[in-house]
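These protein sequence lines are chains A and B, in that order. Residues in the first sequence are numbered from 113 upward in steps of one, following my numbering. Residues in the second sequence are numbered from 1074 upward in steps of one, following my numbering.
I should point out that these hints are in silico values taken from the structure, not numbers from a laboratory. From a predicted model like this one, the values you see are computed outputs, not experimental measurements. Each hint should be verified, as a subset may be incorrect.
Label pairs and their calculated CB-CB ranges [unchecked claim]:
#, chain 1, residue 1, chain 2, residue 2, range
1, B, R1257, A, D124, 38 to 44 Å
2, A, N346, B, K1209, 27 to 33 Å
3, B, R1260, A, E163, 17 to 23 Å
4, A, E163, B, G1252, 26 to 32 Å
Heads up, incomplete: computed chain B residues facing chain A, CB under 10 Å, no partners named [to be verified]:
#, residue
5, L1136
6, V1180
7, S1248
8, V1346
Glycine is no exception: its CB is placed at the ideal position from the N, C-alpha and C atoms.
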Amino acid sequence: MKVLVAVKRVIDYNVKIRVKADQSGVETQNVKMSMNPFDEIAVEEGIRLKESGTADELIAVSVGPAQSQETIRTALAMGADRGILVETDVDVEPLGVAKCLHAIAEREKPDVIIVGKQAIDDDSSQTGQMLSALLGWSQGTFASKLSFSDDILNVTREVDGGLETIALKLPAVITTDLRLNEPRYASLPNIMKAKKKTIDRTTPADLGVDVTPRLTVISVVEPPKRKSGEIVENVSQLVDKLRNEAKVIQ
Amino acid sequence: MSTLVIAEHDNSELKPATLHAVTAAAQVGDVDVLVAGENCSGPTEAAARITGIRKVLRVDDPLYANGLAENLAPLVVSLAQDYSHIMAAATTGGKNVLPRVAALLDVAQISEITSIVSNDTFVRPVYAGNAMATVKSGDAIKVITVRTTGFDAAADDGGAAVIEDVAAGVDSGLSSFIGAELTRSERPELTSARIVISGGRGMQSGENFALLEDIADKLGAAVGASRAAVDAGFVPNDYQVGQTGKVVAPDLYVAVGISGAIQHLAGMKDSKVIVAINKDEEAPIFQVADYGLVADLFDAVPELSKELDG
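Chain A extracted, bound-state conformation (with noise of 0.2 Å):
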């Protein structure tokens, strides 16, 4: 079986963000960029999925700057066998990268796509659902367990009520959750195998995608500030305060 993750590059979880003065968007320049965790969990997975004989090979895709390549070094440094970078300096949209991963499948024909449940810069969680409606694929989104027998796939899914599981036709697109699996570090051997691994280079126009953004951001801002509180000195006076001032418990 062959298996296709997708990793984003992103502002590392760890940073504070800076809206830029001309609410043009987020300062992006000397910040320290990381794969997506949730594309660690993707890759990871496949990773997984190869050990236990399921997959024989883990292709990991990126759409975004030439700096991507770097994230997909680390997907190659994690396990995955070759990478293909899709290259442009557009600030790609989901739907835009739906497209470019569906060129990619169909080239490299897939069993299944894992990709983050979401990216944690932009919060959106659409790219797996989008690239699975484009390919008219089974979705799993979501996932926090996997089991494969045969051409089915069963998967657990985190949904607002608990858990719920289905079962899916192969080839199907995964979306991770957070509890899927806990990603591996890689290895510094491995990180000096990885420099020898492939990472194939095209382009949106190349594959034919017209990746053109549908959404006109008009500004970025700071949210609104919360004022700061009191310490109080007890619980009784924390429940003095919550029924007589904040008026919020009786």
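Following the hints, complete the assembly by docking chain B onto the known chain A.
Same frame as chain A, now just chain B:
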């Protein structure tokens, strides 16, 4: 302008999240509600009673019993040409199906809007709510998920919309429902509760959540948790409040033993009143709290329970 709102329901009840999506939809024009399910007359009739609805489209067929996106998305697409906007609450149900609808329509989706500037311009949080983006859509049909905390619930009575039956589509044959393990609770739902009390890693175990449940029962509150508490296995995933869990904005949010990572704050910082109980006075949660109590939760929570009796 008219909007089709995809109802969130479990075939017996209409979920309150739908009422918030209706409020958003009403800001752009006429509102129709789609109830697709199996034996779904309960939620259909509940939808017809919402104030301000033009009509309810009912599709009653086993194909839609469990909201499988592969069947539901083509149905929505087949109805889409009559509408300028398609909306659903940004629940796991809405987030599962609407991007599939958007892709089939070849339009962008605008995720988790918190306010509407005009018929084509919307505000949505990005970077875990650390920035607010205003975006304008150039697409003919706007496909939108609505963050429920951004819009009040529409009145769930007073309306008398007509109910129109719509024929079911065909089975995609791509997926099937196996089963669900849903958390049963007598307490209010996390996303619609007026008071929420959440525990973090500081709770130390799942058993200790009984301390919070005791308070919750006295206040009529829902119980939530930070990602750390869920990852540690203290409580199930559906308790999680945060960037990747549920977003809540109750009148009162009580954070117990929660340090206040950015990812958690993203899910609760729009609460009206925030209380933090933590023994580490440096914990970032105190920066967003209206009332902070620096104390060991294992002393403070039982004491709080006693105070509430008094």
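Hints versus structure:
1. R1257(B) with D124(A): 38 to 44 Å: Because 39 Å falls inside the window, the suggested range holds.
2. N346(A) with K1209(B): 27 to 33 Å: violated (51 Å)
3. R1260(B) with E163(A): 17 to 23 Å: Violated - the Cβ-Cβ distance for R1260(B) and E163(A), about 42 Å, lies outside 17 to 23 Å.
4. E163(A) with G1252(B): 26 to 32 Å: Cβ of E163(A) to Cβ of G1252(B): about 28 Å, so the range 26 to 32 Å holds.
5. L1136: Violated: closest Cβ of chain A sits about 14 Å from L1136(B), beyond 10 Å.
6. V1180: Holds, about 7 Å.
7. S1248: holds (5 Å)
8. V1346: V1346(B) check passes; min Cβ-Cβ to chain A is 5 Å, inside 10 Å.
Violation of the numbered hints given earlier is confined to hints 2, 3, 5; the remaining hints are satisfied by the structure.
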